[in-house]
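Undergrad: Listed in order, the protein sequences are those of chains A and B. Residues in the first sequence are numbered from 2 upward in steps of one, following our numbering. Residues in the second sequence are numbered from 3 upward in steps of one, following our numbering.
Fair warning: there could be bad hints in the mix.
As the list claims (entries may be wrong) - Computed spacing ranges between beta-carbons, pair by pair:
(1) A:Pro271 x B:Ala362: 53 to 61 Å
(2) B:Gly136 x A:Glu191: 37 to 45 Å
(3) A:Ser291 x B:Thr403: 53 to 61 Å
Since the hints were derived computationally from the structure, they do not count as laboratory data. Beta carbons are placed, not taken as given, at the ideal position from N, Cα and C, and that holds for glycine.
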Amino acid sequence: MNSALWIAIAAGAIALATPLIIAGLGETLVERAGRLNLGIEGMMAMGAFVGIWAASAVGPWMGLLAALAAGVVMAAAMNLAVYRFGANEVVVGLAMTILGLGLSTYLYLMWIPAGEVNRSVETLPTVSLGPLADVPVLGPVLFQHDIMVYLLVPLVLGFWALMRHTTVGLRIHAVGTDPESARLRGVRVERVGRGTLLAGGAMAGLAGGVITAGSIGSFTPDITAGRGYIVLAVVIMGRLSPLGVTGGSLLFALFQSFALLGQGLGLGLPSEVYTTLPYVVTLVVLVLSSRALVRARLAPMRA
Amino acid sequence: MVASHQETDHVALAAWSVSKSFGAVQALTKVGIDVQPGRVHALVGENGAGKSTLAKILAGIQPADSGQLLLNDREVEISGRAHAKSLGINMVPQQLSLVHDLSLVDNLLLASPRLRARRSDARAALSRTLDSAGVQVDIDAPTGRLGLAHRQLGEIVVALAEGARLLILDEPTASLGPHEVGGLFAHLRALCAQGTAILLITHRVDEVLTVADDVTVLSHGHQVFTGPTEGLDANRIAHLMVGELPEAIARAPRERGDAVLTLTEVDAVSDVDSDLQQVSLEVRRGEIVGVAGVAGSGQNLLAEVAVGIAPTQAGEVVRAGSTASDASGALAAGVAWIPDHRADAVVPGMSVGENLTVYAASVDPAPRARVRTRFSGRRAQAVAAQAAVLTEYDVRPHDPTLAAGNLSGGNQQKLLVARELDAAWSAESPASLVVANGPTQGMDLRASQAIRARLVTAAERGAGVLVASHDLDELLDIADRVVVLVGGRIADDIPADEATAARIGRAMSGLARAGANS
């Protein structure tokens, strides 16, 4: 009886997972190189605003490009602070998050002063994949999305191939696990670190743009709602692998979609249960997956 | 990437009148060297004589202040490591440079300018090099899982596959057992036969005589000898390196006390070493027990079990009357521990003085009460007392406020010895058990001798000493008994008066047991 609702929940999960996967792929590179970008939330927020602002003038595709550029600029600032001025990466990352959230809100209020009606822009078109879209259940869940969702497939595979089958991937891995040897082998450690953070920033900015210019069509302050932090959790949950990150993002998004739509199922649960569910599930999976990881790492050290 | 077209190219590299200083320290003064294709050229000298500095200049890692380099008789400026590599000059650094998580294949691809990781090409290039050098190494396993000897060979193979025609090896034998050193040298000779030039940095005189065609001796940054090895003997080379040799350690009989370490039928398991099986061993106060064995026969595990930081599966370990098996229990029992990786024991980011007193930070009151308190007075006094210990143990510079990571490897080792044998304990209760695993590896003659003398002193003060070493001469020098491990079992237990290198060597290769049975 509720099959239509379940289909909507599953389809919604894929849409909600899209920005998480995009930002998560970027953060995978960053963490593989042994670095950490705690500024994702702020970069996503800036990407979200810059994306919608540019999209209102020159269309959704240019909006996404502008969002990506916003992330790169913030990552470059972070690189400058860390490498040039020797600042602590964690502190700078958190500062970037605070800055991104504040600045995006400020710029939004300059653009649309309080009291005026928010602006809505045209988003990426939804593309139904011909006959596939008509397959029962699978059709609406998988094949009736905006084009960004389909682009995820080559994107995830591309990141997987980058890590596995390119010298760039090898260098990132080498720098993240054994920087001293990597340097002796002729790898420019700092360049790899800077480069991965720029890529991570680009992906975080793009993820923000995908939320606004890609699917919602408008911006509101704090629209990222902590998703940047969820990305950090998902990357660890996915063991720094592009496929793992995709799986983790889908899991979180499924519960979030359930939280948004599941109240219609009439299970009689308080609404707080629905809203906390995705975070609780993420936390539980994170603890379980890192326990196995920590145990494997500690085994040789146990006395 | 693969220098098959260079197969016939030979590289001869010479340096003339090279000088280099670091701040006020003159590391090299007008030094020359001439490395010829098809020959092994040994570069010898004490720690700090300037060997590594000269090697880094030849490999393009550091520029010289003055002097000139000649490549195949033509003057050349080497602008950096990559440039040196393109000229066919490659250096294998002492700490090795293979990325642990990656296989040899992937390590070779790391520096490749192409985007795509062509593993099949890299694998082919490596196999070809392996074949021509007659080496067998697993090229697909992460290099961190290879034994040290294989990692060393792997490093050489990767350098050759990158097109090296002149190899600079910085102390390649420092952490290898005698067996593995022999294997490495055989491979080096094979490479020479194909026209590769090899510059071998070492401070071991016996290695010079075994493998080198030419030798250059540095002393305090000056070149004191260069020429063919032919006609030189060990004493002459040692004399050139260090001047007068320190006297051999006198063997005075020591009084034996009660047992301070007793292992009874101990089994233990390790991922990186042979499992211990039914090992029983007793070390008494005043006694020095040596542990010999081919690398990976269980010496490392035995040392860790003796200290109490590796768990046992069965059997009983009693150290100084205590069966506590954790680091702070060992400290409370008076166990001094010199591990084979000094990185496990010296904290590079802390000052030298803090490294001496680090045990005072123990959270358990029992070890804290035991550790020495003489550094806990007023700051100035404490620093002076620490400086005195550093001077006594010849840790250079004698500055307790310097970060330990800034000391050279040899001086870090001396620092570790100073703490474990002396600074950590109060005068009333010195260490009761000393466990040392390769205490002199990577040290020059004089410093090694000094450390051995310290171990003997510790035994004279009433400590039981268990020392594992790859250097058989070291064991013959100081041990009262040598136990030989083969595959994690004690294969032989040889008293000092019967111990000879030949007898120990036979036992190490597993022949003693067979001989006893027949």
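Undergrad: A separate judgement is required for each hint: does it hold in the structure or not?
TA: Consistency of the hints with the structure:
no.: 1; hint: A:Pro271 x B:Ala362: 53 to 61 Å; in the structure: 56 Å, holds
no.: 2; hint: B:Gly136 x A:Glu191: 37 to 45 Å; in the structure: 39 Å, holds
no.: 3; hint: A:Ser291 x B:Thr403: 53 to 61 Å; in the structure: 40 Å, violated
Of the hints listed earlier, the one the structure fails to meet is number 3.
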